[in-house]
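S.K.: Sequence:
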Amino acid sequence: MQVYSQKTGRLEALLLDEGILTELRTAAVGALVIRILAAPKIDMIGIVGTGVQARYQLEMLSAVTDCRNVLVYGRTPQKVDRFISEMTSKGWNIKGTDSPDNSLQDTDVIITTTPSREAILGNSSLETRKSGLTIICIGADAPGKYEINPNLVAKAALLVADSTTQTVQRGEFQKAVKDGLVKKESLVSLGHLIETKDLHRRKEGDNRLIIFDSSGVALQDCVVSSLVVRKLN
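Residues 1164 to 1396 (this note's numbering) are what the sequence shown spells out, left to right.
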């Protein structure tokens, strides 16, 4: 990442982070949204995917919840086993599942982190449990990618995205909008969510299904870069 001065335009720093800062800022957004939108008491976290970002999401979550119970789904048993072994050593209580839709009934928060181009979550059962559920969608970061059945997206009481313009072009909600299941005007930006406390998850009796999509925006890179430069100085 290249960091320039807004006053002079001069290059102030060149951060050779090898993509780590991108991973961190993506995980930080997930944790921020969970702090705002998840139920006050989280008993089980669902993870769909076993890659690098799945690991970062869990590590960042430790800053916003005491829950250490995780239900994970991966494409192969070998990847699930490696994920469980690594994250268990870091203090997480993890068990695998052979169906991602088990998370819809058994967890309070679900984080999807795969590069899928077809629905992984919400295929066998589109009914969520009666208590509130928050889904964080991380993997859909390019045109054609989506991880959630559009019919499940359409059932959400609140749809939030870091960029409402970008999410219908290269984010989780693109197919639901294209299929006419969701209106673009109903999408809420992350900035508006943060400012509007009435949209936040209430402490009691809030049984909404809420879905957040992060396709990544430049502002996140600016913030994480400035934090690093400030720390180095």
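By construction, these hints were calculated from the structure, which means they are not laboratory data.
A couple of the hints might just be wrong.
Said to hold, decoys possible - With a straight-line cut-off of 20 Å between C-alpha atoms, the simulated PhoX-like cross-links for lysine-lysine are:
1. K1204 with K1360
2. K1366 with K1347
3. K1253 with K1242
4. K1366 with K1346
5. K1318 with K1346
6. K1366 with K1308
7. K1347 with K1308
8. K1204 with K1308
9. K1318 with K1347
10. K1308 with K1341
Stated by the list, open to error - Computed beta-carbon distance windows for the label pairs:
11. Q1268 with E1175: 27 to 37 Å
12. G1172 with A1320: 21 to 31 Å
13. Q1268 with D1229: 35 to 45 Å
14. D1206 with K1347: 11 to 21 Å
15. G1368 with N1256: 25 to 35 Å
16. G1354 with Q1332: 17 to 27 Å
17. G1307 with G1343: 12 to 22 Å
The C-beta atom is built at its ideal place from N, Cα and C for all residues, glycine as well.
S.K.: The structure should be examined with respect to each hint, and the outcome stated for every one.
M.R.: Tested hints:
1. Annotation: proposed proximity of K1204 to K1360 holds, straight-line Cα distance about 19 Å (limit 20 Å).
2. Distance check on the hinted pair: K1366 and K1347 sit about 28 Å apart at the alpha-carbon level, beyond 20 Å; violated.
3. Restraint check for K1253 and K1242: the C-alpha separation of about 17 Å stays at or below 20 Å, so the hint holds.
4. Restraint check for K1366 and K1346: the C-alpha separation of about 28 Å exceeds 20 Å, so the hint is violated.
5. Under the criterion of a C-alpha separation no larger than 20 Å, the hint pairing K1318 with K1346 is consistent with the structure, at around 12 Å.
6. Taken as a hint, the K1366 and K1308 pair is broken in the structure, with Cα atoms around 33 Å apart against an allowance of 20 Å.
7. Distance check on the hinted pair: K1347 and K1308 sit about 18 Å apart at the alpha-carbon level, within 20 Å; holds.
8. Of the pairs offered as hints, the one joining K1204 and K1308 is violated, with about 31 Å between alpha carbons and a cut-off of 20 Å exceeded.
9. With a C-alpha separation of about 15 Å, the suggested pairing of K1318 with K1347 holds against the 20 Å cut-off.
10. A threshold of 20 Å between alpha carbons decides the hint, and for K1308 with K1341 the separation of about 13 Å falls inside it, so the pair holds.
11. With their beta carbons about 50 Å apart, Q1268 and E1175 fall outside the hinted range of 27 to 37 Å.
12. A C-beta distance of roughly 45 Å is found between G1172 and A1320, which places it outside the suggested range of 21 to 31 Å.
13. A hinted range of 35 to 45 Å for the beta carbons of Q1268 and D1229 is inconsistent with their spacing of about 22 Å.
14. Distance hint for D1206 and K1347: a CB-CB separation of about 34 Å, inconsistent with the stated range 11 to 21 Å.
15. Against the hinted window of 25 to 35 Å, the Cβ-Cβ separation of G1368 and N1256 comes to about 28 Å, which satisfies the hint.
16. Look at G1354 against Q1332: about 18 Å separates their beta carbons, and that is inside 17 to 27 Å.
17. The hinted window of 12 to 22 Å between G1307 and G1343 holds, with their beta carbons roughly 18 Å apart.
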